[in-house]
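Assemble the whole structure, with the sequences as input and the hints as a guide.
Take the sequence shown: its position 12, counted from the start at 1, is 12 in full-length UniProt numbering, and no numbers get skipped.
By construction, these hints were calculated from the structure, which means they are not laboratory data.
Small disclaimer: the values here were computed from a predicted structure and weren't measured.
Please note that the accuracy of each hint is not assured.
The list that follows gives simulated cross-link-like pairs (lysine to aspartate or glutamate, EDC-like), each with its CA atoms no further than 16 Å apart [to be verified]:
| id | residue 1 | residue 2 |
| --- | --- | --- |
| 1 | 459 | 366 |
| 2 | 459 | 149 |
| 3 | 9 | 101 |
| 4 | 107 | 15 |
| 5 | 229 | 297 |
| 6 | 241 | 309 |
| 7 | 192 | 209 |
| 8 | 107 | 125 |
| 9 | 219 | 309 |
| 10 | 107 | 16 |
| 11 | 470 | 125 |
| 12 | 259 | 286 |
| 13 | 192 | 149 |
| 14 | 470 | 91 |
| 15 | 219 | 209 |
| 16 | 459 | 396 |
| 17 | 264 | 286 |
| 18 | 54 | 90 |
| 19 | 94 | 81 |
| 20 | 9 | 125 |
| 21 | 241 | 260 |
| 22 | 229 | 249 |
| 23 | 339 | 309 |
| 24 | 107 | 17 |
| 25 | 107 | 18 |
| 26 | 429 | 81 |
| 27 | 417 | 81 |
| 28 | 54 | 91 |
Label pairs and their in silico Cβ distance ranges [unchecked claim]:
| id | residue 1 | residue 2 | range |
| --- | --- | --- | --- |
| 29 | 102 | 330 | 55 to 61 Å |
| 30 | 214 | 27 | 30 to 36 Å |
| 31 | 29 | 240 | 36 to 42 Å |
| 32 | 351 | 124 | 36 to 42 Å |
Just so it is clear, CB atoms sit at the ideal spot from N, CA and C, and this is done for glycine as well.
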Amino acid sequence: MAASPAQVKVVFTTDEEDLQLPEARRQLLVPAGKQTAQLASYTCFRGSHSPDIKRYGLSRILNSESMLDTSSPTPLDFIVDGAFLRTSIEDYLKANGLSSETTLTLKYVRSLIPPVYRASFQHDDWVGAVDVLSSSAPAAKGIHGTVNDRVASAGYDGLVRIWNPSGDIIATSAPTGYPPRLNSVRWVSPTKLVSAGLQGEVVVWSYSEASHGTSGSFKCDMKLVGHEKQIHNLDVNSLTKRVLSASSDGCVGLWSSSKDAAPKVDAADSSEPKRTKLAASATFAERGPLAMMPMHDSQVMAAVFHAHDSTVAYSASQDGTVKTIDLTTQRQVSSLTTKHPVVCAAALRNSLIAAGSSAKHIALLDPRESAATTAAMTLHGHTNWVVSVSQSPSDDFSLVSGSWDSTCRVWDLRSAKRATNDVDGVVGKPVYTIGRNWLKGQLPAAGHGAKVLSVVWDKAWGIVSAGEDKTVQVNSARDILAQ
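Structure follows, in structure tokens:
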């Protein structure tokens with residue numbers, strides 16, 4: 001008689017409120033390896049020819065009538081010892097020197113479905129930034145009625161373009177000065193945008209579309225002046241409609257997007273004489289900042305609002321620091337020091353700051369801790385500068401990052417392992433890599449010719465990225481979290 005197949009006692013746990021197992025079903029004896037006959041003893045595997053228990057098999061077990069009894073299958077992933085289980089249980093035990101008598105604790109979570117290529121929008125020059133508009137986007141908060149899905153792209157040619165989901169250009173802005181390169185664009189509302197770049201000015205645009213939605217038009221409302229050097233990044237608070245700017249002059253600017261609320265600029269302080277006009281008739285109203293805050297001794301690469309508090313902001317600089325700013329007093333509250341220049345930042349809904357660096361990683365920093373605190377978590381996987389980060393619109397544990405290595409990478413913060421040093425805290429690796437579609441899976445050395453400069457994640461659009469290849473690329477039509 002053949003020997004009984006090895007079984008492993010598995011304890012299932014989860015933080016998913018709607019996927020909790022009854023206490024009596026949380027422990028199960030699971031075949032460790034390639035025992036097809038044993039699989040047949042599970043209801044969910046009757047008639048199955050699956051050769052072993054891996055992620056898919058475990059997911060089927062938990063979705064079965066005797067376990068979660070879900071009305072429709074929910075794809076699940078499993079975390080063991082801080083990392084996703086990507087092999088069979090048998091191979092995991094062997095790789096970690098464990099016997100089949102080990103009790104294995106598996107934390108199950110909803111799977112992140114691989115992002116799928118959807119479309120590309122071609123430009124004539126590098127694309128410095130993208131932002132999206134949809135009914136679920138921040139710029140649509142408080143809007144009643146239909147909000148059209150749109151992408152705004154900011155080009156190195158100095159033009160802002162509006163695209164529809166079919167890849168048609170709905171509207172193109174007029175040039176506003178020289179040098180033309182744009183580094184950032186953000187929707188303030190469905191009828192207003194802001195852009196900025198090498199000119200060191202924030203341009204506020206009014207935007208409107210014809211009733212049929214096939215064409216639109218820009219009007220320059222005003223220029224916001226006060227910085228002495230180029231602006232790298234803009235952020236918009238969806239409730240107050242205020243704007244933050246990060247500049248090479250070491251300052252963070254706070255601005256109103258309303259002409260009536262923005263301070264007027266004295267003629268003597270106007271930057272217009274220093275700028276090259278495109279035409280004598282090309283005149284724009286100018287307004288000044290609500291506050292111009294010197295924060296760093298080096299270039300400020302990012303300035304972002306707190307995710308829940310419009311009176312708090314964060315600045316990130318090539319001097320390696322991330323600072324917390326009280327916008328009411330316009331003073332620094334705290335500073336976190338990293339070991340590398342920080343070149344982008346995102347304020348996450350869990351109060352952490354995701355800071356991309358020139359050292360090819362993303363540090364998750366907790367600004368609530370002391371200045372001596374290093375990264376709470378470090379994400380490794382990129383092979384060049386990480387220049388853009390965006391959080392999933394649907395959960396607090398998923399991020400996407402864009403890098404000069406030509407890729408966007410999707411991260412799941414639920415999977416992390418303790419670092420071997422005292423600096424990185426815990427470390428995570430990407431769950432998916434999104435390459436430029438035209439490269440057909442090839443990754444050029446250091447991302448040459450295909451550097452990603454901007455990425456944003458939206459429920460309706462999915463993951464939208466742009467960069468050196470003069471292309472806006474859209475991956476997945478919807479959020480990639482399995483429902």
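Of the numbered hints stated previously, which ones are contradicted by the structure, given in increasing order?
Violated hints (numbers, rising): 1, 8, 9, 14, 20, 23, 30, 31; every other hint is consistent with the structure.
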